[in-house]
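Novice: Starting from the known structure of chain A, arrange chains B and C on it as the hints suggest.
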Amino acid sequence: MKNKYYKFSIVVFFIFTFLIFYYGLKQKNFYTPENISIKTLPNLFLKDFYTNNETSFNDILIDSNYYLINIWASWCLPCREEHPYLLKLKKNSSIKIIGINYKDKKDNALKFLDKFENPYFTILNDRNGTASIEIGAYGVPESLILNKEKKIIKKIIGPIDNKKFNEIKKLLKNEN
Amino acid sequence: MILNYIGNFALLFCLIISLVIFITSISSLNNKYFLLKKNLNELLFFKFFFALLSFFSLIVLFINSEFSNETVLNNSHISKPLFYKISGTWGNHEGSLLLWLLILTFFAFFYFLKSKNRPTDERLLTIMFQEVIILGFLFFLLKASNPFNIIYPVPKEGLGLNPILQDPLLAIHPPVLYLGYVTTSIVFSSSLAGLIKGNINNLWAKDIRKWVFISWTFLTLGILLGSIWAYYELGWGGFWFWDPVENISLMPWLSLTALVHCVLVLEKRSILHSWTVILSIITFTLGICGTFLVRSGILNSVHTFANDPERGLYILFFLFFLIFLSVLIYFIYEDKFELNNKNLNVYTKETSIILNNWFVMYFLSVILIGTVYPIFLEVISNEKISVGPPFFNKLIIPFLIPFLIFMSVGPNLKWIKNDNFSNKIKLIIIFILSIVSSILVSKFFGNTTLNITILLAACFYLFFTTIKDFMKKNFKNYAQTISHFGFSLLVLSILMNSIFSKEITSNMRVGDEIKFTDKIIKLQKLENTTESNFLKLIAYFKIVEKNKIDLVLEPEIRIYDKPETITSEAAIKTDIFKDRFIVVNLVKENEYLNVRYQEKPFMLWIWISAILISLGGVINIFKNNEKQIL
Amino acid sequence: MKIKLILSIIFLFFTFFNSSISDELELENKINKNLRCLICQGQSIYDSQSDFAESMKLVVKQKIDAGMSEEEIYSFFKMQYGEWILYDPQFNTKNFALWLLPIVIFLVGGIIIIAKFGVLKKR
Chain A
383 MKNKYYKFSI VVFFIFTFLI FYYGLKQKNF YTPENISIKT LPNLFLKDFY
433 TNNETSFNDI LIDSNYYLIN IWASWCLPCR EEHPYLLKLK KNSSIKIIGI
483 NYKDKKDNAL KFLDKFENPY FTILNDRNGT ASIEIGAYGV PESLILNKEK
533 KIIKKIIGPI DNKKFNEIKK LLKNEN
Chain B
137 MILNYIGNFA LLFCLIISLV IFITSISSLN NKYFLLKKNL NELLFFKFFF
187 ALLSFFSLIV LFINSEFSNE TVLNNSHISK PLFYKISGTW GNHEGSLLLW
237 LLILTFFAFF YFLKSKNRPT DERLLTIMFQ EVIILGFLFF LLKASNPFNI
287 IYPVPKEGLG LNPILQDPLL AIHPPVLYLG YVTTSIVFSS SLAGLIKGNI
337 NNLWAKDIRK WVFISWTFLT LGILLGSIWA YYELGWGGFW FWDPVENISL
387 MPWLSLTALV HCVLVLEKRS ILHSWTVILS IITFTLGICG TFLVRSGILN
437 SVHTFANDPE RGLYILFFLF FLIFLSVLIY FIYEDKFELN NKNLNVYTKE
487 TSIILNNWFV MYFLSVILIG TVYPIFLEVI SNEKISVGPP FFNKLIIPFL
537 IPFLIFMSVG PNLKWIKNDN FSNKIKLIII FILSIVSSIL VSKFFGNTTL
587 NITILLAACF YLFFTTIKDF MKKNFKNYAQ TISHFGFSLL VLSILMNSIF
637 SKEITSNMRV GDEIKFTDKI IKLQKLENTT ESNFLKLIAY FKIVEKNKID
687 LVLEPEIRIY DKPETITSEA AIKTDIFKDR FIVVNLVKEN EYLNVRYQEK
737 PFMLWIWISA ILISLGGVIN IFKNNEKQIL
Chain C
181 MKIKLILSII FLFFTFFNSS ISDELELENK INKNLRCLIC QGQSIYDSQS
231 DFAESMKLVV KQKIDAGMSE EEIYSFFKMQ YGEWILYDPQ FNTKNFALWL
281 LPIVIFLVGG IIIIAKFGVL KKR
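Protein chains in written order, with our numbering: chain A, 383 to 558; chain B, 137 to 766; chain C, 181 to 303.
Okay, chain A solo, but in the shape it has when bound (with noise of 0.2 Å):
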């Protein structure tokens, strides 16, 4: 009796070992920090773009009742592609877009703002990268939109597509 529990239960958790790899199989093993945000953004004191001074967040999120933060770098390919996007919500007067400039030349960024437009209400430099990791951001692109309480509302990881685009505009309805 004793030799068939035992029996039994080898088998059942080969059976079951099975089916975690089974499943394991369909689960995507990049891992992205999506579920993860933090809720409140912390006030860094960081350089503007143009004047060089400093100014912090603080400073910066006032009057609007929605802010998007967006990390761009005029090296990052996809960031082209959401450019038009940026470009359409900067004329959504409840929503103020913020760019954090990431890891580049000022001369190349100036050139690329040229070239695509200047989506940003204000741009702030980020030289050295850390800006954006205590903000949370990965990589370029990303963005944060925030409410009038800058709470952090959404989390983008990679460009604004127009899926993304679209649930920025029902977001900023719904709420108002």
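No lab work stands behind these hints: they were computed from the structure.
Certain hints may be false.
Not the full set, but computed from the structure, chain C residues with beta-carbon under 8 Å of chain B [what the hints assert, rightly or not]: (1) 216; (2) 221; (3) 229; (4) 231; (5) 247; (6) 267; (7) 269; (8) 274; (9) 278; (10) 293.
Just so it is clear, CB atoms sit at the ideal spot from N, CA and C, and this is done for glycine as well.
Specialist: This is chains B and C only, laid out in the frame that chain A set:
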């Protein structure tokens, strides 16, 4: 073009012959008159021949850069050096599987040739199980990863081989590793066959021991080659990252290490029959399980493999087919084991070997659980975690201390009878000596903690006792002592290396200097050159010690175009007692280079000790069977 | 008795092996080796050369300079990127099996050996 067809048809022939062998070996079992002993030999040879033909066709396709072949297209290009065109044959998924198959068919043939002293029905059963494995691989090759898929229209240029794989060590690393893995399949099949026929006894142990040692030696060397490669190509001075792919190669090695010891006990004492069989099954299935985990892409690792869930699914089914097959056979024939529950004496060789097995299985379980736990957790609770070096270090290192002590005392004990400790005094003196030397080492270099001192003492203990064993009168057992000595040296060098490594990281422009302990490191100049398949940026560093130039190091950055990749080539100066290691790295949108300089003591000894460990295995393979071991 | 002894030895080992670190640079390296890179997902940020890893190393340095402890830095990154980022899984409700299973296997192995062979029995 024609070679694609030759390769493909050779594989089909292989499949047909394999089926024929499978059927004949089954029918020969029931009807001894049907036995095709001689023909079987020929059939096994032809199967090997066709696998070889298929493999050669792929090599020639690679050499000629025939991009009509999908595998060649994806993994080669015209300007690649000839050497890497050849080694590229097994540097990819399809080719490496073909190599597996080739080695499998070879060893099936070789086993049949070399096992004439075993009972015929056991040999036939072994071949039958071998055919099951070969058929599994053949179906997989033909269905899900055919190396001879034809592309039309024929592209002009291939996509190239990942440059970090373009390395001489990596060209021989996979074949050596596969030789190790594949020979475990012989042990697996033979133990199942022996189990069915009730042949698991001391004679079986004696015959299978050679195979166990062959596979253990190849696996040891394979892992060594892999970590040397990781040391100079991959990392920033590390040689073992506890990365899933590395763990996967270590797991079968550990269970083989247990098996190597356990087979001896079976031979000498006729105990542990069932455990030997279980270990043989575990070893082989762990190898296949590793293939599954790596090739399916279920885990992510530094070591890039083209992964494909569909292939993963196939290997998964194959893996569990083998597991359930062996579990079933084990349950059915379990009562055929000779039952002798002998009570063992405490101070005997067999007890210490059982303790060795106990600890080795613990190490194995740490690595296995650490590697697959994230998969279990994700499927069950959808949470993702990482299990890395700190976990393995914390769970393994403390247990290494008693393990090392058992390992030093064990070989000094006798079989069967309690040792009355004829050399007790010697062992105690050595024990005191090793504690003293470990304290001295810690004091001399400072900055070490108590736990490290204890671990060092245990290492020294094994180190000194093995040296003592070498000097014993009428000493026969070189193989075991060399391996144990190698192991003590390995742990010792790894330990010293991790304690006394020093490093500095800095951003440098041309002309910059940094101070490092009593040296000055200066970046003198940068130079660009163009090689056949990459651009090369060489940085010239001068290491100045006591105002005279001590060393010039020239690390490189290579920019490959096919596929577009940037790699850093470290510059390493290896001396007897330390390696000096420098690596540079481009920093985005900046003119300076990121430089890391390291001084790593005893690196050379890590490699030497691994070679010594496998040397023990080599001696055991070639040692005359009749002579006493241990 | 024996099991109690083994357990207490194990416990002793684990308390021993929480080595302390003196040097600030060493601390930095230790933390870097314990953080997993999000770009090259098989490597720690110490081993990785990606942009992300380089910036993250800088952040670690800044945090150490700001006087944050090792644990505080880990919990900061854990909050930002999830538990995945830590190579050293914490001992909590979902990971206890990871830490305890090997030990349980070790103990069960010991019990089997004693039961089968009476190795440690006094005779």
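Novice: Against the earlier hints, flag every one the structure doesn't satisfy and list their numbers going up.
Specialist: 5
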